[in-house]
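Chain by chain, the residues:
2 protein chains.
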Amino acid sequence: MKAYDQMTKEELLREKQVLEQQYRDTCALGLKLDMSRGKPSKEQLDLSQPMMDVLRADSVLESRLGTDIRNYGVLDGIDEAKELIAGMIDTKPENVIVYGNASLNIMYDTINRSMIHGVLDHTPWCKLDKVKFLCPVPGYDRHFTITEFFGIEMINVPLYEDGPDMDMVEELVSSDASVKGIWCVPKYSNPMGTSYSDETVRRFARLKPAAEDFRIYWDNAYCVHHLYEDRQDHLLDILSECEKAGNPDMVYEFCSTSKVTFSGSGISGLATSPTNKADILTQLTVQTIGFDKINQLRHVKFLKDQEGVARHMAKHAELIRPKFELLTRRFEEELSGLGVGSWTKPRGGYFITCFANEGCAKNIIAKAKEAGVVMTGAGAPFPYKKDPRDSVIRIAPTLPPMEELDEACSVFITCVKLASVERLLESGLQ
Amino acid sequence: MKAYDQMTKEELLREKQVLEQQYRDTCALGLKLDMSRGKPSKEQLDLSQPMMDVLRADSVLESRLGTDIRNYGVLDGIDEAKELIAGMIDTKPENVIVYGNASLNIMYDTINRSMIHGVLDHTPWCKLDKVKFLCPVPGYDRHFTITEFFGIEMINVPLYEDGPDMDMVEELVSSDASVKGIWCVPKYSNPMGTSYSDETVRRFARLKPAAEDFRIYWDNAYCVHHLYEDRQDHLLDILSECEKAGNPDMVYEFCSTSKVTFSGSGISGLATSPTNKADILTQLTVQTIGFDKINQLRHVKFLKDQEGVARHMAKHAELIRPKFELLTRRFEEELSGLGVGSWTKPRGGYFITCFANEGCAKNIIAKAKEAGVVMTGAGAPFPYKKDPRDSVIRIAPTLPPMEELDEACSVFITCVKLASVERLLESGLQ
Chain A
1 MKAYDQMTKE ELLREKQVLE QQYRDTCALG LKLDMSRGKP SKEQLDLSQP MMDVLRADSV
61 LESRLGTDIR NYGVLDGIDE AKELIAGMID TKPENVIVYG NASLNIMYDT INRSMIHGVL
121 DHTPWCKLDK VKFLCPVPGY DRHFTITEFF GIEMINVPLY EDGPDMDMVE ELVSSDASVK
181 GIWCVPKYSN PMGTSYSDET VRRFARLKPA AEDFRIYWDN AYCVHHLYED RQDHLLDILS
241 ECEKAGNPDM VYEFCSTSKV TFSGSGISGL ATSPTNKADI LTQLTVQTIG FDKINQLRHV
301 KFLKDQEGVA RHMAKHAELI RPKFELLTRR FEEELSGLGV GSWTKPRGGY FITCFANEGC
361 AKNIIAKAKE AGVVMTGAGA PFPYKKDPRD SVIRIAPTLP PMEELDEACS VFITCVKLAS
421 VERLLESGLQ
Chain B
1 MKAYDQMTKE ELLREKQVLE QQYRDTCALG LKLDMSRGKP SKEQLDLSQP MMDVLRADSV
61 LESRLGTDIR NYGVLDGIDE AKELIAGMID TKPENVIVYG NASLNIMYDT INRSMIHGVL
121 DHTPWCKLDK VKFLCPVPGY DRHFTITEFF GIEMINVPLY EDGPDMDMVE ELVSSDASVK
181 GIWCVPKYSN PMGTSYSDET VRRFARLKPA AEDFRIYWDN AYCVHHLYED RQDHLLDILS
241 ECEKAGNPDM VYEFCSTSKV TFSGSGISGL ATSPTNKADI LTQLTVQTIG FDKINQLRHV
301 KFLKDQEGVA RHMAKHAELI RPKFELLTRR FEEELSGLGV GSWTKPRGGY FITCFANEGC
361 AKNIIAKAKE AGVVMTGAGA PFPYKKDPRD SVIRIAPTLP PMEELDEACS VFITCVKLAS
421 VERLLESGLQ
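Residue numbers (my numbering), protein chains in the order written: chain A, 1 to 430; chain B, 1 to 430.
The shape of chain A in the complex, shown without the other chains (with noise of 0.2 Å):
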C-alpha cells in the first residue's frame, strides 16, 4: 500500500471507510486490555517465588555482621544489600544508601529533603521564588509529578538517540542558578528505550553549574533490564565520572529490585558522594529508625550477587522480549511505509514509543480506549501532560499474557491507521 499522505483524497476517503468498518469491528467484541502501564506479568513475578523460602522460621535472622536484623537501627541498610545494589548499577558500596521498597519514594524524599533542609548548606527551596527542573522528554511521568508537586517549574529538553540536548542542557545549567535539577532516565529509558551515551554522559559529569546546589537525579531504573543478553547497552558509571570531572557531589543515583523481583515489595537504594550522603543521613535520621532489613536480606539471599542479578534477569528477559518483538514485528509488517509514524526497538527497559503523525496521539488514545484498549494517557510522557506536537505514545507491553497484546496491538494499529487517515483529511493537504 502507498503512504497516506501520497493518497488522493478519494483513496484516502476509500481507505477511511475501510478503516472504520474494521475499528466498528473492534469495537463490538467489548475488548478489555490494558497496555498502559510498566507492569511486570503474572509469570515474571513467578520467576521470584522462590525467594519467599530463602528466610525460613528457622533460619537465624542476621546480617553478616552479626546484627539482629530483626530489631531496630541500621540506617543506611546491611552492608551485603549496599553490595547488591551497589552491584546492579556499577559503584561502591560506601557510596549506597538502602531504602524501602520504592526507588519512587526515594526521589520524592529527595526533592522534599531538597525542599525543606536545603541541599548540604544551601538555602531550602520553599525559600526561594523560582526553583527549575530541566526535563529530557519524552520522560517519565512520575517524576514530573513529583516536581509539580512542589511547584518546581519544568523546562522540557529534547531527548534523542544518544541522550538529551547537551548543548541545551549545559547551556541552561551554567546560565541559571534556579536551574537545580535534571531528572534522567539514562539507561533504557522510560519510555524511549535509549540509553545515554559515554559522550553525554561526560558531558554531564562535566557540567559547571550556575547553581551549588544543582543536581543530576539520575533514575537508574532499568540498569540490568537488557532484552538480549548479546546485544546490551553499557552505561558510564556517572558517579565516578563526576568524581574524575571534580564535581564529585553532582549526582543522586537511584535504584531498585522492584521490577527484578517484586514490584511492591523489593529494595531500593540510592547511591551518591560520601558527602551528599552524610548529609542524607542528618535528615533520614529524623524520619526513620531504619528500613527493612529482613527484606534487605532475603533479597541478597535470593540474588546473590551481580551475577545473580543477571541470570535472573535472563529469565525475564525470555518472558518479555517475545512481546517487545510481537510489537515491533507488526509495526514494521504493518504499519511502516504509510507514513503514520515511527516507533522505537529498544534493547531493554520496559517500554516502546510510537511517534504518531503531529496532532494524532489524543485521538489515536482515545480511540484504543473507546475500543477497549487501555494506553498511557496523551502527553503523559511531558511536563503538565503536554506533549506540544501530540505524537509521543508510550506503550507498555510486558503485563498482558501474549494472545492479549496481540489483539490489543490490532486494535492500536487499526487506531493509528484511522487517524492519521482523520488527520490528513481534515488539513485538506491531498
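It should be emphasised that the hints constitute simulated quantities derived from the structure, not laboratory data. Even glycine gets a Cβ: it sits at the ideal position worked out from N, Cα and C. Where hints are given, some of them may not hold.
Said to hold, decoys possible - Straight-line alpha carbon distances no greater than 30 Å define the calculated DSSO-like cross-link-like pairs of lysine-lysine that follow:
#: 1; chain 1: B; residue 1: Lys42; chain 2: A; residue 2: Lys304
#: 2; chain 1: A; residue 1: Lys369; chain 2: A; residue 2: Lys385
#: 3; chain 1: B; residue 1: Lys130; chain 2: A; residue 2: Lys130
#: 4; chain 1: B; residue 1: Lys386; chain 2: A; residue 2: Lys127
#: 5; chain 1: B; residue 1: Lys385; chain 2: B; residue 2: Lys130
#: 6; chain 1: A; residue 1: Lys42; chain 2: B; residue 2: Lys130
#: 7; chain 1: A; residue 1: Lys127; chain 2: B; residue 2: Lys127
#: 8; chain 1: B; residue 1: Lys127; chain 2: B; residue 2: Lys385
#: 9; chain 1: B; residue 1: Lys127; chain 2: A; residue 2: Lys386
#: 10; chain 1: B; residue 1: Lys304; chain 2: A; residue 2: Lys301
#: 11; chain 1: A; residue 1: Lys277; chain 2: A; residue 2: Lys42
#: 12; chain 1: B; residue 1: Lys385; chain 2: A; residue 2: Lys385
#: 13; chain 1: B; residue 1: Lys130; chain 2: A; residue 2: Lys127
As the list claims (entries may be wrong) - Partial list, derived from the structure: chain A residues whose beta carbon lies under 10 Å from chain B:
#: 14; residue: Lys39
#: 15; residue: Asn71
#: 16; residue: His117
#: 17; residue: Phe150
#: 18; residue: Phe262
We have chain A already, so just place chain B on it with the hints.
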C-alpha cells in the same frame, strides 16, 4: 535508713563515702550495659519467628480480593491489613491507610505534608511565619526531633497521671491560631507509662481550635502493649469521640507492629476521617505506588485478628513483665524512704520513668555512663532536650537479659543515691 534530707551533714558525708566506695567498685567491674532504648529483646523477637513461614514459595500471594500482591498498586493497603490495624486501635478499617515498616515515618510524612501541601485546603505551614506544637512532657524524643527539624516551635505542657494539663491545652489551642498540633502518646505513654482518662480523651475531642488545620497527633504506639492481662488500661477511641463532638477531622492516629512482630520489619498505619484520608491520598500517590503488600499479608496470616494480637502480646508480657517488676521492686526496697525521688509503675508500654530530685538527672546519667551503664540521655523526654528541672530519667528495661538488667539496676541505684547526696551537700541545706 532515714531520708537523706533528714540527715546531718556528718551523716551525709559518711553516706557519701560509703556510696563513693560502692561506685568505685562498680566502675572497676568494667560493665557494658544498656537501658537506653525501647527495643525488644532477642526472646521477644523470637516470638515472631514463625511469621517467616506463613508465606512460602508455594503460597498464592493474593489478597482476599484476588489482587496479586507481588505487583504494583493498592495505595492504601490491602483490606485485611486495614482490618488488622483497625482492630489494634479500635477504629473502622475504612479509616485506615496501611503504610510501610514504621509509624515514625508516617508521622514525619504527616508533618512534612502539612509543611509543603497544607492540611486540607489550608495554607502550607512553610508559608507561615510561625507554627507551634504543644508537647506534653515528659514525652517521646523522636516526636520532638521531627518538630524541631521542621522549625516548629514547641511548647511544654505538663503530663499528669490522667493525661496532659487540659486546662492549658484548651487555653492554648483555642486562643492561638499558630498552634497547629499536639503530640500525644495516649496509652502507656512514653516514658511515663500512664494512659489518658476518658475525661481527658473527651476534652480532647471537644477542643475548639483557633486554627482550622489544628490536628491531634495521636501516637497510639502501645495500644496493645499490656504488662498484665488482668490490669489493663482502656483508652477511649479518639476518632469516634471527635466525630461525636462535631470535630471529625481533628485527629491523625498512628500505630504499628514494630513492638508486636519485628521492629524494623513491621507494618504501620494511620487512621483518620474520610476527608483527611482523601486529602492524604492525593499526596501519597505522588510519593509512592504503594507499600509492601506481601509484608501486610504476612502480618495478617501470622497475627490473624485482634484476638490473635492479644494472644501474641500476652507472650511478650510474660517476657518483659519480670523486667519491669525487678526494677520497681528494687527501687521500692532500696530507694523508697530516702527522699531521692519517685518512679512510675506502669501497667504497659516500654518504659519506667524515674523522677530524681531536681538538678540530679544529668549527674545520675553521667555517673551511670562512666560505670558502663548507658541510659537515655538526660533531657531527651523534653523538647530541645531541655528538662527544666533536670529530674526526669527514662528507663528502658526490655532489651537486656534479666541478669544484666539486675546489674544495671544496682549501678543505677548507687548513682541515684550518690547524686542525691552530692546535691544535698552542695545545696548546704543540712
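Going through the hints against the structure:
1. A distance of roughly 27 Å separates the Cα atoms of lysine 42 of chain B and lysine 304 of chain A; the hinted pair therefore holds under the 30 Å criterion.
2. With a C-alpha separation of about 18 Å, the suggested pair lysine 369 of chain A and lysine 385 of chain A falls inside the 30 Å cut-off, and the hint holds.
3. Straight-line distance between C-alpha atoms of lysine 130 of chain B and lysine 130 of chain A comes to about 22 Å, which keeps the hinted pair within the 30 Å bound.
4. For a cut-off of 30 Å, the pair hint linking lysine 386 of chain B to lysine 127 of chain A stands: about 29 Å separates their Cα positions.
5. Under the criterion of a C-alpha separation no larger than 30 Å, the hint pairing lysine 385 of chain B with lysine 130 of chain B is consistent with the structure, at around 21 Å.
6. With a CA separation close to 51 Å, the supplied pair lysine 42 of chain A and lysine 130 of chain B exceeds the 30 Å bound.
7. Under the criterion of a C-alpha separation no larger than 30 Å, the hint pairing lysine 127 of chain A with lysine 127 of chain B is consistent with the structure, at around 9 Å.
8. Proposed proximity of lysine 127 of chain B and lysine 385 of chain B is supported: the alpha carbons are some 27 Å apart, at most 30 Å.
9. Simply put, lysine 127 of chain B and lysine 386 of chain A have alpha-carbon atoms about 29 Å apart, close enough for the 30 Å limit, and the pair holds.
10. Restraint check for lysine 304 of chain B and lysine 301 of chain A: the C-alpha separation of about 28 Å stays at or below 30 Å, so the hint holds.
11. Proximity of lysine 277 of chain A to lysine 42 of chain A is assessed by CA-CA distance (about 36 Å); at most 30 Å being required, the pair is judged violated.
12. At roughly 47 Å between alpha-carbon atoms, lysine 385 of chain B and lysine 385 of chain A are farther apart than 30 Å, so this suggested pair is violated.
13. Taken as a hint, the lysine 130 of chain B and lysine 127 of chain A pair is honoured in the structure, with Cα atoms around 14 Å apart against an allowance of 30 Å.
14. Hint status for lysine 39 of chain A relative to chain B: holds, with the closest Cβ pair at about 6 Å, below 10 Å.
15. Taking 10 Å as the C-beta contact cut-off toward chain B, the hint placing asparagine 71 of chain A at the interface holds, the least distance being around 5 Å.
16. Because the beta carbon of histidine 117 of chain A sits about 8 Å from the nearest beta carbon in chain B, less than 10 Å, this interface hint is met.
17. Because the beta carbon of phenylalanine 150 of chain A sits about 7 Å from the nearest beta carbon in chain B, less than 10 Å, this interface hint is met.
18. This hint holds: phenylalanine 262 of chain A has a C-beta 4 Å from the nearest C-beta of chain B, less than the 10 Å allowed.
Hints 6, 11 and 12, counting from the list given before, are not met by this structure.
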